[in-house]
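Engineer: Listed below are the residues making up each chain.
Protein chains: 2
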Amino acid sequence: MAELYHEEPNEADDSIYDEDGGVRADFLEEVKAAIEANDGPRVTVLAGALHEADLGALIVALEPEERLRLVRLMGTHFDFAALTEIDDNIRDEILEGLPAREVAEGVRDLENDDAVTLLEDLEPEEQAEILDALSPVDRAQLQRSLDYPDHSAGRLMQTTFVTAPPYWTAGQAIDVMRDTDEADLPDSFYEVFIVDPGHRLLGTVFLDTLLRSKSRALLEDIMSADRRRVEVTEDREEVARLFQRYNLVSAPVVDEGDRLVGVITIDDVVDVIQEEADANLKALGGVSESEELSDTVFWTAKSRFVWLLVNLLTAFIASSVLGLFEGSLQKMVALAVLAPIVASQGGNAATQTMTVAVRALATRELSRANAARIILREVLVGAVNGVGFGILTGVIAGYWFGSPSLGVVIALAMVTNLVAGALGGILIPQILAKFHIDPAVASGAFVTTVTDVVGFTAFLGFATVWFRLG
Amino acid sequence: MAELYHEEPNEADDSIYDEDGGVRADFLEEVKAAIEANDGPRVTVLAGALHEADLGALIVALEPEERLRLVRLMGTHFDFAALTEIDDNIRDEILEGLPAREVAEGVRDLENDDAVTLLEDLEPEEQAEILDALSPVDRAQLQRSLDYPDHSAGRLMQTTFVTAPPYWTAGQAIDVMRDTDEADLPDSFYEVFIVDPGHRLLGTVFLDTLLRSKSRALLEDIMSADRRRVEVTEDREEVARLFQRYNLVSAPVVDEGDRLVGVITIDDVVDVIQEEADANLKALGGVSESEELSDTVFWTAKSRFVWLLVNLLTAFIASSVLGLFEGSLQKMVALAVLAPIVASQGGNAATQTMTVAVRALATRELSRANAARIILREVLVGAVNGVGFGILTGVIAGYWFGSPSLGVVIALAMVTNLVAGALGGILIPQILAKFHIDPAVASGAFVTTVTDVVGFTAFLGFATVWFRLG
Numbered sequence: 003m004a005e006l007y008h009e010e011p012n013e014a015d016d017s018i019y020d021e022d023g024g025v026r027a028d029f030l031e032e033v034k035a036a037i038e039a040n041d042g043p044r045v046t047v048l049a050g051a052l053h054e055a056d057l058g059a060l061i062v063a064l065e066p067e068e069r070l071r072l073v074r075l076m077g078t079h080f081d082f083a084a085l086t087e088i089d090d091n092i093r094d095e096i097l098e099g100l101p102a103r104e105v106a107e108g109v110r111d112l113e114n115d116d117a118v119t120l121l122e123d124l125e126p127e128e129q130a131e132i133l134d135a136l137s138p139v140d141r142a143q144l145q146r147s148l149d150y151p152d153h154s155a156g157r158l159m160q161t162t163f164v165t166a167p168p169y170w171t172a173g174q175a176i177d178v179m180r181d182t183d184e185a186d187l188p189d190s191f192y193e194v195f196i197v198d199p200g201h202r203l204l205g206t207v208f209l210d211t212l213l214r215s216k217s218r219a220l221l222e223d224i225m226s227a228d229r230r231r232v233e234v235t236e237d238r239e240e241v242a243r244l245f246q247r248y249n250l251v252s253a254p255v256v257d258e259g260d261r262l263v264g265v266i267t268i269d270d271v272v273d274v275i276q277e278e279a280d281a282n283l284k285a286l287g288g289v290s291e292s293e294e295l296s297d298t299v300f301w302t303a304k305s306r307f308v309w310l311l312v313n314l315l316t317a318f319i320a321s322s323v324l325g326l327f328e329g330s331l332q333k334m335v336a337l338a339v340l341a342p343i344v345a346s347q348g349g350n351a352a353t354q355t356m357t358v359a360v361r362a363l364a365t366r367e368l369s370r371a372n373a374a375r376i377i378l379r380e381v382l383v384g385a386v387n388g389v390g391f392g393i394l395t396g397v398i399a400g401y402w403f404g405s406p407s408l409g410v411v412i413a414l415a416m417v418t419n420l421v422a423g424a425l426g427g428i429l430i431p432q433i434l435a436k437f438h439i440d441p442a443v444a445s446g447a448f449v450t451t452v453t454d455v456v457g458f459t460a461f462l463g464f465a466t467v468w469f470r471l472g
Numbered sequence: 003m004a005e006l007y008h009e010e011p012n013e014a015d016d017s018i019y020d021e022d023g024g025v026r027a028d029f030l031e032e033v034k035a036a037i038e039a040n041d042g043p044r045v046t047v048l049a050g051a052l053h054e055a056d057l058g059a060l061i062v063a064l065e066p067e068e069r070l071r072l073v074r075l076m077g078t079h080f081d082f083a084a085l086t087e088i089d090d091n092i093r094d095e096i097l098e099g100l101p102a103r104e105v106a107e108g109v110r111d112l113e114n115d116d117a118v119t120l121l122e123d124l125e126p127e128e129q130a131e132i133l134d135a136l137s138p139v140d141r142a143q144l145q146r147s148l149d150y151p152d153h154s155a156g157r158l159m160q161t162t163f164v165t166a167p168p169y170w171t172a173g174q175a176i177d178v179m180r181d182t183d184e185a186d187l188p189d190s191f192y193e194v195f196i197v198d199p200g201h202r203l204l205g206t207v208f209l210d211t212l213l214r215s216k217s218r219a220l221l222e223d224i225m226s227a228d229r230r231r232v233e234v235t236e237d238r239e240e241v242a243r244l245f246q247r248y249n250l251v252s253a254p255v256v257d258e259g260d261r262l263v264g265v266i267t268i269d270d271v272v273d274v275i276q277e278e279a280d281a282n283l284k285a286l287g288g289v290s291e292s293e294e295l296s297d298t299v300f301w302t303a304k305s306r307f308v309w310l311l312v313n314l315l316t317a318f319i320a321s322s323v324l325g326l327f328e329g330s331l332q333k334m335v336a337l338a339v340l341a342p343i344v345a346s347q348g349g350n351a352a353t354q355t356m357t358v359a360v361r362a363l364a365t366r367e368l369s370r371a372n373a374a375r376i377i378l379r380e381v382l383v384g385a386v387n388g389v390g391f392g393i394l395t396g397v398i399a400g401y402w403f404g405s406p407s408l409g410v411v412i413a414l415a416m417v418t419n420l421v422a423g424a425l426g427g428i429l430i431p432q433i434l435a436k437f438h439i440d441p442a443v444a445s446g447a448f449v450t451t452v453t454d455v456v457g458f459t460a461f462l463g464f465a466t467v468w469f470r471l472g
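So the protein lines, in turn, are chains Y and E. 3 is the number of the first residue of the first sequence in our numbering; add one for each residue after it. 3 is the number of the first residue of the second sequence in our numbering; add one for each residue after it.
Since the hints were made in silico from the structure, they are not lab data. It should be emphasised that the depicted structure is a prediction, and the values quoted were computed from it without experimental measurement. Misleading hints may appear alongside valid ones.
Unchecked claim - In silico DSS-like links for lysine-lysine, alpha-carbon gap of 25 Å or less: (1) E:K284 x E:K34; (2) E:K436 x Y:K284; (3) Y:K216 x E:K34; (4) Y:K436 x Y:K284; (5) Y:K284 x Y:K304; (6) E:K304 x E:K284; (7) E:K333 x Y:K333; (8) E:K284 x Y:K284; (9) E:K284 x Y:K436.
Unchecked claim - Chain E stretches covered by chain Y per the calculated footprint, using a threshold of three residues with CB under 8 Å from any CB of chain Y: (10) 280-286; (11) 388-401.
Glycine residues also receive a C-beta, built at the ideal position from the N, C-alpha and C atoms.
With these hints in hand, go ahead and build the complete structure from the sequences.
Structural biologist: Structure (structure tokens):
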């Protein structure tokens with residue numbers, strides 16, 4: 003949920019962080035000591051006034067076994083919102099360690115979207131237990147949100163919002179809000195939704211518009227009717243794209259009947275944007291999207307094994323190419339020494355192109371409209387750098403083994419491989435995307451296979467012909 | 003600037019985009035035709051009502067030579083805010099093609115932060131010309147923002163905001179806003195800043211707080227005094243981290259005297275977050291942060307050459323290791339065939355670790371507090387997968403060349419290289435960061451050098467000893 007300052011007593015200045023952004027060692031020690039001493043009041047004095055984000059950072063910095071104890075020691079003073087700021091493993095670890103009743107207590111004070119974040123990854127029975135401990139109303143509301151598909155707008159949205167009928171005046175709306183019980187208002191909001199008796203969304207009035215308008219102005223006259231809305235089942239990536247493209251701060255969420263069911267605010271979307279960016283980064287590095295620093299060794303090794311297995315396969319394919327030229331390698335060992343250079347240079351150039359392609363596909367900058375232009379550009383870039391590095395490598399290799407013709411051979415192979423790499427790097431991600439396979443995850447293996455195979459074949463092939471090694 | 007809906011007449015539904023997010027071909031053709039026919043009114047009918055973001059997308063989709071013509075044809079109907087939505091090259095291309103007076107006209111209607119975005123990358127003389135064409139007031143204000151360092155909060159902030167003295171009541175504040183001339187209010191705002199006569203920031207009142215409060219409540223009683231503020235010279239990355247950590251929607255910007263000089267809104271920060279994420283992604287792929295799809299072939303080739311040159315160097319270092327074992331390779335060509343497998347498997351495992359490390363450093367998840375724990379974890383992961391792939395590769399290689407001992411040798415080399423890779427992957431980024439070198443940019447080259455050298459040395463070394471090839 004978005005920040006309301008009067009909620010947090012701690013001064014902005016006395017930060018709990020050191021210069022490189024970690025939790026201050028001395029502060030951490032104090033907290034650890036208090037936990038060690040089972041001194042609940044002391045822990046509460048230290049951590050009770052922290053902003054939820056800072057409390058989250060503190061929890062992460064603690065040793066696994068200390069985390070649960072901190073929560074227990076703080077009791078009702080612990081702000082469960084802090085658990086929305088830390089990674090899934092640590093969160094679930096803590097929640098599973100707490101009695102359902104206590105979790106329910108904590109969840110009760112949270113906004114709906116934060117409560118969902120807490121509960122969505124828990125084991126079904128775990129989740130059910132907590133839901134049972136809630137009041138029927140809270141349970142029903144939370145259950146409804148949890149029923150929406152994973153990664154859908156319904157999981158992101160907040161279900162408390164402010165509505166008004168179109169025939170009210172700006173002044174009336176303000177008066178009503180003043181008299182509304184705090185508990186019935188969201189912790190923070192930016193717009194008033196104008197709905198008809200069937201709760202269908204007619205438009206929206208931003209708070210600043212409300213404040214600029216004359217008190218007797220009718221809401222239907224100052225509302226924006228063409229308000230962009232989000233379908234409750236829409237994927238969160240689409241939601242993020244909408245927010246980014248149109249610089250939204252909040253957006254109404256409607257069901258298939260165009261009835262208003264919730265509101266998504268930018269702070270939740272920012273997390274999505276960050277997660278999607280991380281997912282791309284990890285995928286390109288061959289790491290699973292869900293891997294966290296808090297994962298166990300076994301789990302991490304297992305999740306990375308798959309990707310390495312694919313790469314081992316491609317490595318064997320590349321080596322089998324070398325195997326085909328065993329004779330040539332035997333006759334001219336220099337080829338064995340130089341072959342990896344051709345392959346690796348091609349692989350790196352292809353990775354550059356692939357990175358650009360994957361990113362452009364993710365941001366929708368690369369589409370049918372400009373695909374041809376971009377493909378041509380990449381191939382030409384590959385050719386230009388191919389010639390450049392062909393000459394450079396040729397000269398060095400020629401000198402090294404005192405054989406100008408060997409230089410010529412490797413130069414030709416280099417040009418061939420960088421052009422092939424460019425083609426692979428720009429085409430493979432697009433082809434995968436066409437087949438709805440995430441290009442960030444799958445491109446790498448294919449691309450390096452191309453450059454290894456082409457690199458080895460070109461270099462050893464040209465050499466075999468040129469030096470009549472066949 | 004954040005979105006106000008009543009500003010854009012076009013329905014959300016009739017989108018200009020096709021399913022894969024590109025600009026609809028038929029719409030694009032219509033626009034191209036109108037440009038071709040020099041039909042200004044027609045172009046204006048087609049593009050005049052578009053949201054700035056959509057107009058930007060349209061411009062990007064056009065051929066380079068059509069872009070400037072579109073802007074000229076639309077004349078005063080062209081919304082210069084669209085230029086803040088497109089990449090620098092295209093923007094500067096267009097701005098340099100327009101007479102300074104026309105640009106000044108367009109800039110005049112923009113919010114300060116958008117105007118800065120337009121002008122900051124232009125050639126100094128270009129920029130001066132445009133500034134001269136502005137009114138003294140606009141010029142002074144814009145010049146002040148441009149004087150702040152690149153990537154500083156000062157460049158991001160908006161300089162129109164709403165302030166009130168602490169002794170006003172909520173009702174008074176609302177009345178004053180109602181009577182304020184629209185031109186003196188920001189296009190959209192979320193909080194009222196409470197300042198003293200010296201314009202020093204005392205606190206802030208969010209609009210929703212203002213609306214919940216009794217009309218006679220004093221602002222100083224409902225304001226949040228401990229409001230997080232941004233130093234005008236602070237780096238935008240720091241600003242983004244602050245917004246993300248505390249889920250801010252807007253934040254006041256103050257000068258060294260704690261005087262309020264501007265406000266930064268989340269929509270500008272979202273762009274920063276996206277750019278920083280992209281920068282990391284590109285850096286890991288060996289692509290320069292500033293590379294755009296619209297760069298020329300030559301420029302792109304040039305910017306990628308440097309990175310490839312570094313990789314060529316590392317490739318030669320690796321090959322020179324192979325050179326040391328020429329004798330062994332001669333005697334046993336199978337070694338030449340299998341060596342790349344050991345190197346590439348190590349390289350991929352190391353890249354996984356490096357990716358995790360680089361990301362964790364960027365998000366501050368990896369700090370002194372947990373470094374030891376993470377390093378140990380990575381080494382163990384490397385060992386576990388090393389043993390796994392050692393056995394797998396050993397068996398396959400042993401069968402392939404009908405030599406069990408060759409299998410044992412490659413297995414040992416594999417374990418060695420995956421552990422070395424894990425160490426390199428986790429340590430190198432942290433070491434680079436210590437020396438304030440961007441780990442995302444520089445880690446890759448070092449890490450692969452480690453795995454190539456260790457991989458070749460271990461495999462050929464063990465083999466030379468085992469088979470007495472020395």
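Engineer: Three or more residues of the segment 388-401 of chain E near chain Y by CB distance under 8 Å?
Structural biologist: holds (count 5)
Engineer: Given the hint that K304 of chain E pairs with K284 of chain E, test it: the Cα-Cα distance must not exceed 25 Å.
Structural biologist: Distance ~16 Å between K304 of chain E and K284 of chain E Cα, so the pair holds.
Engineer: Can the restraint linking K436 of chain Y and K284 of chain Y be considered satisfied, given a maximum Cα separation of 25 Å?
Structural biologist: Status holds; Cα separation ~21 Å.
Engineer: Below or equal to 25 Å on CA atoms is what counts here, so check K284 of chain E against K34 of chain E.
Structural biologist: Status violated; Cα separation ~33 Å.
Engineer: Does the structure keep K436 of chain E and K284 of chain Y at a Cα separation of 25 Å or less?
Structural biologist: 23 Å, holds
Engineer: Would the hint linking K284 of chain E and K284 of chain Y be met if the CA-CA limit is 25 Å?
Structural biologist: 12 Å, holds
Engineer: Has the segment 280-286 of chain E got at least three residues whose CB is nearer than 8 Å to a CB belonging to chain Y?
Structural biologist: Since three or more residues must qualify, the claim that chain Y covers the segment 280-286 of chain E holds, with 5 doing so at under 8 Å.
Engineer: Does the structure keep K333 of chain E and K333 of chain Y at a Cα separation of 25 Å or less?
Structural biologist: 11 Å, holds
Engineer: Does K284 of chain E pair with K436 of chain Y here, judged by a C-alpha cut-off of 25 Å?
Structural biologist: 23 Å, holds
Engineer: Against the 25 Å threshold, does the CA-CA distance of K284 of chain Y and K304 of chain Y hold or violate the hint?
Structural biologist: Distance ~16 Å between K284 of chain Y and K304 of chain Y Cα, so the pair holds.
Engineer: Holds or violated: K216 of chain Y with K34 of chain E, Cα cutoff 25 Å?
Structural biologist: 44 Å, violated
Hints 1 and 3, counting from the list given before, are not met by this structure.
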